[in-house]
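Enquirer: Chains A and B, in that order, give the protein sequences. Residue numbers for the first sequence follow the numbering used here, beginning at 1055 and rising by one. Residue numbers for the second sequence follow the numbering used here, beginning at 199 and rising by one.
The set of hints was computed from the structure by calculation and includes no laboratory data. Just so you know, nobody snuck in bad clues.
Taking lysine-lysine pairs in the DSS-like style, the calculated list, with each CA pair at most 27 Å apart, reads:
no., chain 1, residue 1, chain 2, residue 2
1, B, K359, B, K264
2, A, K1152, A, K1093
3, B, K361, A, K1093
4, B, K359, A, K1152
5, A, K1083, A, K1159
6, A, K1093, A, K1083
7, B, K361, A, K1152
8, A, K1152, A, K1083
9, B, K356, A, K1152
10, B, K361, B, K264
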Amino acid sequence: MQYMLMIHEDESAYAGAGGEALMAETIGKHMAFAESLAKAGIAMSGNRLHPAGTATTIRWNHGEHALHDGPFAETVEELGGYYIINVADLDTAIAWAKQIPIPGKGAIEVRPVWDME
Amino acid sequence: MSGARSRLADRIAGARPRVVAALAARWRDLDLAEDAFGAACEALLLHGGEDVRDPAAWLYRAALRKAIDAKRKAGRDARIGEAAMTMGDTHTVLAMPEPISDERLRLLFVCCHPALAPDARVALALRVVCGVSTEHIARAFAVPVPTMLQRITRAKAKIAKAKIPFELPPRREWPERAASVLGALEVSFTQVYEEHSEAGQSEIADDVVRLAKMLVELLPDHAEAKGFAALVLLAGSRLRARHDDEGAMVPLSQQDPALWDSAMIEEGRVLLDEAAALADPGPYQLLAAIHLTHARRLYDGTVDARAVATLYAGLTVLRPGPIVAINHALALAELEGPVAGLAALDAVGADTLANHRPLCVARARLLERLGREREAAAMLDRALATAPPAAERLYLLKWCSRLAAQG
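Isolated chain A, as found in the complex (with noise of 0.2 Å):
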């Protein structure tokens, strides 16, 4: 059963004094988490993401579109990158969900991934 988990975090906790620092570590320890999952021999794939700033909303509203500058809801924590990991339940998914690191404050959303077949 394949799992997406989201970051969502404060993207303000990497700015200011400091910041650099925090992204190097945290950086550090997602490559240690990736690292883990290889070990445990699960599938694993997930990516890093710009930061909120960066997004465009392509807003729908039956037919019409309109284009927005920024994420799709404007919170203190945004997603800023995911996992998708492949184990036998929520129990599991929930047990590496909390070992992502999140400096501060920050959550996990944990969804199963639809399976097509």
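Following the hints, complete the assembly by docking chain B onto the known chain A.
Expert: Just chain B now, with coordinates in the frame of chain A:
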């Protein structure tokens, strides 16, 4: 309903958790387990059932047989057919009197998984484990039946689609999972026992007690599970005393202890003693101890005010919150007088909680004791303006007219 029929219904209800749990663990499908159990119950009722020595074993085998029948009539219900495919050789299943393994903890853990909303957890546990009808659950939680149905359906869909596992988690995760079950049961405790206590809720109360005792049986070393079971027993012992003939709420201090259920009190006391022996205190045990202290009025007519105040002081540390703080202040008032109690209530949060009903009612009680009837009445008016449940409203109105007569 004839006596025999009613005894059979009791035996079916008693067998249900074990049988449904075993079926659900086998098929990893709650709906399927419920459906097959329902069909097996019908068969048992048709069969007569009174001479069946072990209804659980009978129902389990009948449910398996139902699934196999469905497989034979292939295609009629693909789900049951699929499940039956995984059951192995038909003849072995039916010929061998297979002992039913106890999978109740697995079922409770699935129904009360922390990934489900707490109010959905308790609804699901009542529905699947105890077999309470959705209509009853909806009434007990004062929500419309379609809302409750949707809550249960959504939880079941999440279990299936997000693949909440039917495997028992590793033992190190049990405390967290037990807390999740207790958290769900606590929702039912507050809603059924405390917030609205209209007619028709005592039957749900019985099922909550059943679930709490089941958890104690399955996790005998868990002190808070015992504490919680003691709590619901002690609170449940007073259900009959909580309303007067006109349906008005009767507060604990004014209840007639003769209406309390002394057997439940005793059962709660024993459980609390056992919990204490495990030397792992927690908020449920403290709450149960407070209830037990009040329950002693049944035996010697008095309440140990110092004990109540000490226990509430403990709760303000373990589980702080406005209700605990208010009750702590009222306990202090019993010990040191109404002035001290009012001062403590002021500290609870005079500004943010100005229209907090329990705070207004607590103030009214102490103001009345100080002979300040007019101020007390003003507090009651404020409490009434917060749309209290019918029974409490009636009680507050009676109190108001009593104050008006005095003033």
